[in-house]
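With the hints as constraints, model all of the structure from the sequences given.
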Amino acid sequence: MTQLALVIDLNVCVGCHACVTSCKQWNTSGTAGPLQDLNPYGENPTGTFFNRVQTFEVGAFPDTQTVHFPKSCLHCEDPPCVPVCPTGASYKRKEDGIVLVDYDKCIGCKYCAWACPYGARELDEGRKVMTKCTLCVDRVCSDTLPEEERKPACVMACPTNARLFGDVHDENSEVSVAIRERGGYALMPEWDTKPANHYLPRKITELIDEAKL
Amino acid sequence: MLDLLRATPPVHDPLKPALPGSTHEVKKTTCYMCACRCGIRVHLRDGEVRYIDGNPDHPLNKGVICAKGSSGIMKQQSPARLTVPLKRKPGSARGDGDFVECSWDEVFDTLAERLGKIRATDPKKFALFTGRDQMQALTGLWARNYGTPNYAAHGGFCSVNMAAGMIYTIGGSFWEFGGPDLDHAKLFVMIGTAEDHHSNPLKIALSKFKRAGGRFISINPVRTGYSAIADEWIPIKPGTDGALFMALIHELIRTGEYDQEFVAEYTNAQDLVDLDSGLIVGKGDALEGAQTIDGKATKPAFELLKERVADCTPEWAGKITGIPAARIVKLAREMGETAMRQSFELPIAWTDTYGREHKSVIGRPVAFHAMRGLAAHSNGFHTIRALSILMTMLGVIDRPGGFRHKPPFPKAIPPGVRPPKSWDDIQPNKPLGAAPLGFPTSPDDLSVGPDNEPIRIDKGFSWDHPLSAHGLMQNVITNAWRGDPYRIDTLMIFMANMAWNSTMNTSQVREMLNDRDEGGEYKIPFIVVCDAFASEMTAYADLILPDTTYLERHDAMSLLDRPISEFDGPVDSVRIPVVPPKGQCKPFQEVLIELGSRLKLPVFTNADGTRKYKGYEDFIINYETAPGSGIGFLSGWRGPEGDKALVGEPNPKQWEMYAENDCVFHYELPIGQQYMRNWNRDYLEFAKDVGFNGSLEPIRIHIYSQVLQTFRLAAQGKRPGKQPPEHLRERIETHFDPLPFWSPPLEYAATDLEKYPLNAVTQRPMAMYHSWDSQNAWLRQIHSHNYLMVNPVTAQAAGIADGGWIWVESQWGKLRCMCRYSEAVEPGTVWTWNAIGKSRGAWNLGPQANESVKGFLLNHVIAEELPFGDRKISNSDPVTGQAGWYDVRVRIYPAAADEPQETWPRFAPMKHMPGTGLVKKVQAYFAGTK
Amino acid sequence: MKPAFSVIFLTTLCGMAQGLMLALVGADVIGGGHTTPLAARDFFVGGAVICLILGGLGLFASFFHLGRPERFWRSAAMWRTSWLSREVIAVPAFLGLCALYGWAHYTGQRWAPIAGVACALAALALWVCTAMIYACLRFIREWASAYTLANFVLLGCASGFTAACVWAAWAAPAWVPAYLQATYLFLIVALAVRLLMLRRNAGLKPGSTVQSAIGINNPRIQQKSMGAMGGTFNTREFFHGKSALFIKNARIVFLLLIFPGSTLLLALAERYVNGLLLIAALVVQYLGLLAERWFFFAQANHPQNLYYQVVS
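Those sequence lines, one after another, are chains A, B and C.
Counting along the first sequence from 1, when you hit position 189 you're at 189 in our numbering, and nothing is skipped either side.
Counting along the second sequence from 1, when you hit position 723 you're at 723 in our numbering, and nothing is skipped either side.
Counting along the third sequence from 1, when you hit position 78 you're at 78 in our numbering, and nothing is skipped either side.
A hint or two may mislead.
As the list claims (entries may be wrong) - Not close to chain C: a few residues of chain A, all C-beta gaps over 10 Å, as computed:
id, residue
1, Ser142
2, Leu145
3, Glu147
4, Asn161
5, Glu174
6, Ser176
7, Val177
Unchecked claim - Take a look, some chain C residues computed to stay more than 10 Å from chain A by CB distance:
id, residue
8, Asp42
9, Val49
10, Leu52
11, Ser145
12, Pro177
13, Arg200
14, Leu255
15, Thr263
16, Tyr286
17, Ala298
To be verified - The following label-pair restraints were derived from C-beta to C-beta distances:
id, chain 1, residue 1, chain 2, residue 2, range
18, B, Thr610, A, Glu149, 43 to 53 Å
19, C, Gly203, B, His24, 56 to 66 Å
20, A, Arg150, B, Glu641, 32 to 42 Å
21, B, Glu902, C, Leu185, 50 to 60 Å
22, A, Arg150, B, Pro602, 51 to 61 Å
23, B, Arg327, C, Asn217, 21 to 31 Å
24, B, Asp13, C, Asn217, 38 to 48 Å
The set of hints was computed from the structure by calculation and includes no laboratory data.
Since the structure is predicted, the reported quantities are computational estimates derived from the model, not experimental observations.
The C-beta atom is built at its ideal place from N, Cα and C for all residues, glycine as well.
What follows is the structure, encoded as structure tokens:
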């Protein structure tokens, strides 16, 4: 069974936010849109985004790591947001494992957001329905886009190619190989949600020929 | 009814077309959300922009796109767009923000009359200064034809030290001029680089480099952006990089772990320097050892360098930079041993200028990248000279794995363009006798009059800043206001926010823009601003020309300007409109062509006085640098059939051919001409043929700069020709040292360093370019305001809480903002994102927008001038005039509990301008439903 | 979490209705002989109407929680997996049985007590559904325990029996003493459970840490930017936005109002046989319940908050 997912390489993410706005522009005019912005030119502008890049500082000066951390829906294999939905608007596609919201069924009760430990869902304040990363299902499953562009918008945009995309159930896929060889990990494993998305850790290349120096 | 209790199939089909029945179209053009200039595809739905993605066939970005490029739609939607020409309301005061709509006819009539009069009497009284506009070839040509020396872009404020310091040493520089070859490098050292310049190509390369196992060291006071993914971060104090480089050179010489053959062969290291005059008097054959030539005691230049760095020990540099001496020693060894012991050869045959044939090129896998962190200091020129010499000693210049030029670079040292030399070059109704900007080779090339009075309003190329290759935009308003060196009449600003972030000492500069003399006349009588948005600067205009956005215009990113070349050959590109201009917006280049034609500037006028070009497109196709030269703005698809490259007759179908070819022309050099181009015979012949260079002479690296020595000699009174004024002799003698040296930034001498213990710097976030993205509804959600980032140790010592309101005070001024603790900044430095803070109402943001309530601009506490004896002098590098805006020293302390929780200073809100949009409370963009 | 008043009203009003219904049915089943048949009829019919009004108000309030209330009917679909969906079925079922019970008494049906028992069972089922909506979210550790159910049931009973006291004082004074005794009992047990719940929650260790949230093992990790500065749904929905002092005070207020406050007023009402004091007890207790439910939401610490700490 196919489980599409993103694998995000924290070793090369420079925190440029390309994935954030490329997602926004693709989806606002797509089947998941429009994605509203409130106070777009005023105080505390806020809007619906499916993807955010956050920044963490790890360690203390001078041994500080600055970690840029993109976060969107992890498309859990056991998504806690799906069974709680009273209407069935929240569902996981059988054919590719993408977790979606049916915007025409959603009553905007927000319970799915409560049930997501990752804060991956955002209520669209204009349409009053829950929204989330669709893994660009309308690109991935498009029959009009060229084959090589049937990837999420964020993956196409990412300048450092920090976002790998593929089937984590296919052990030969690029994403499975990366998870295996680079120590890919899932977020908050303590909840057994089995996120399909994985993260690749930082890898430090030490001094060249340290022994010789 | 039972449906109620049953799960039903999805109602909303996520795969169905979002707007059934709509038409779709894809147009290619070039991005301009920053200066990177990536190829983009604009997807239109029913004529509205539905999506912008990277053009996968473009050599620069190879299909990727950044946060800014992905937000281009919001630039089109912005309610801050100016859509009609505006003039200051008759009777209202400048700066009050009262404007009335006028017609383009009125604009052109007004300007043609006013500028015509100035041109016929005293053309220098017209000044044209521009931002990061990517059309300096055209604006420069226009200014030259108009006859004013008072033209420059924003380079003086930006990174002229980086350009001049390297061009005067190796004949090229970073970014558009050259860059790190990360495909072959094993060690990459990035110094003083934030996350802006050449952004997508560098991101692509960094990722590939890291995945290939390369080692990445970042030397920077702050760890953000690219530095975040460095394998090692070496924190350094701002303005001390030069000391680090001097110590690294010291170490390379001490250990001998450097490319002695390269230094001997390809630089002036063996040239013999007359110890008395400091001039090169002959060529030697060794790096060391005194010789006597014609009775003159000489030493090889390299020996002088060795003597120079003799005291620059790692311990010495450690105290200055804050980097432990042992780490400096290790860094030098890492660089030297990687360059020398991990070198490799590529089997690429080439011939040098001495006719020697080489079977291969040698790779030295140590790459560098540096930018404004080095440049924006008043000691930046010599810091960058030192970096260039360090790179040279590692043998990495235009070699695989090191630094590689991008044609048309390398150029002669210095390139063969000179600024005006005397008042004779400025004559009524005549073009300027020289290019407005250039590269002086000696004091005789300076733009000064007989009494050493500066010819340029910004005092560029004067004794104040002799090698100011990009001008000093940062001093234009202050100088014009003071009438020093003279008063001007009309100041035309294109796309530069000189009432806000493109100026230092912002509060006072805003007052200068409004100031009047005793007679009630404005000290700067007439200000014309061309911009696409209602920026802070537009409030101070007498006339506002609404520019188009990048999606609405033709543009040429020309080889005559600063193109997007690759290592393997020259590349130029174009923009082609994908949507019609909004309202009455008109591209500035069309304005220039129209105005130039009305003023009958020679380049735009036929011999019989009739208009030469219909408009910009026509101009780009048909203009040639000289009659019949075959060289124009665009190098691709030249010749009547479009089958010629670089040189050829004009091609009437050139725009169409660019449009058919991804809007980009990439000329790939034969492999034998891709390396060692300073000394590559075939390349230099090619470069001469296509007009990149004037000579076939090898471009030997200037370890010892005789150009600088000529200025020093003048200062010492040992050289005939132009002589510096007395008050500048010592400054010139000190700073025109033919060898690099480190000295503290000039501002420190005028600062109580104990009272102001901290360095304050800014950098640009990757998701915002300069000031112009605050009107972008998506990007401003990422950065709506800014904090001062402070090491917790520093903050706690000052009694400042994380998130607390604080005062930041320099000797020049103070501001109030919020503090954020950060472990990713060295304790002696504080920093913030540049140009997030905005003046109230500017960019059509609401009066309570975070940008003006919580955002702040550090420029308020940075001075544009320093005291100099009983005078004032620009706060700039004494060699190049690069603004020293990273030199400011501050102290921080908590704001009182009863103070308002908002940033200070705040200004009266800008008024809503006619023609700009109404601000919506909710925005739900969905292309094609307009 | 940010407490939503729609849900606070829903759970408190319905809870009171459920408790009141238990009080009615209890009297109906075990104590039918204490009053005259006619008075009893009025008491049960009126009580059922009050339950309907309270439950109806709660239901009405719940609509304000929905972004798209016009689609409310869809929310019954996923009863197999969703406790919310089950609640959506249980609420009308309970209200329907309330109506049936009232109608049965009104028309003098002999099986009225049976309808009452069915309605009481529905009330219990509704508590299970309501409580499980919260208790099933295992990573919200303040909610994920049997205390949630016990607390909902006990506070519902306490408030329902308090309401029964008031209603009985009006319609069936003979039953007031028994209701009062039951109310005291529920209040005491509810207090004990609530205190235990508070103690448990105060000692909870978060199930997730910033280390597990971003998958980096370093004791010192601090967020510097959440990627948006003007706020997002995630900063609005999951943070109460109040100070620690406010939270502490809310706890004191609800504990005082519900337990000593309403108990004292009930005792005074009993001592002075004063109906107004009974009403005062109910009002004070209900205000306490609103505070308790506000606190219940505010105290819940959602792991998603680890991602939404700091802007810069």
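A quick look at each hint next to the structure:
no., hint, result
1, Ser142, "28 Å, holds"
2, Leu145, "28 Å, holds"
3, Glu147, "32 Å, holds"
4, Asn161, "20 Å, holds"
5, Glu174, "20 Å, holds"
6, Ser176, "18 Å, holds"
7, Val177, "19 Å, holds"
8, Asp42, "38 Å, holds"
9, Val49, "28 Å, holds"
10, Leu52, "23 Å, holds"
11, Ser145, "16 Å, holds"
12, Pro177, "43 Å, holds"
13, Arg200, "19 Å, holds"
14, Leu255, "26 Å, holds"
15, Thr263, "34 Å, holds"
16, Tyr286, "25 Å, holds"
17, Ala298, "14 Å, holds"
18, Thr610(B) - Glu149(A): 43 to 53 Å, "50 Å, holds"
19, Gly203(C) - His24(B): 56 to 66 Å, "60 Å, holds"
20, Arg150(A) - Glu641(B): 32 to 42 Å, "39 Å, holds"
21, Glu902(B) - Leu185(C): 50 to 60 Å, "56 Å, holds"
22, Arg150(A) - Pro602(B): 51 to 61 Å, "55 Å, holds"
23, Arg327(B) - Asn217(C): 21 to 31 Å, "27 Å, holds"
24, Asp13(B) - Asn217(C): 38 to 48 Å, "43 Å, holds"
Going through the hint list in order, the structure satisfies each hint without exception.
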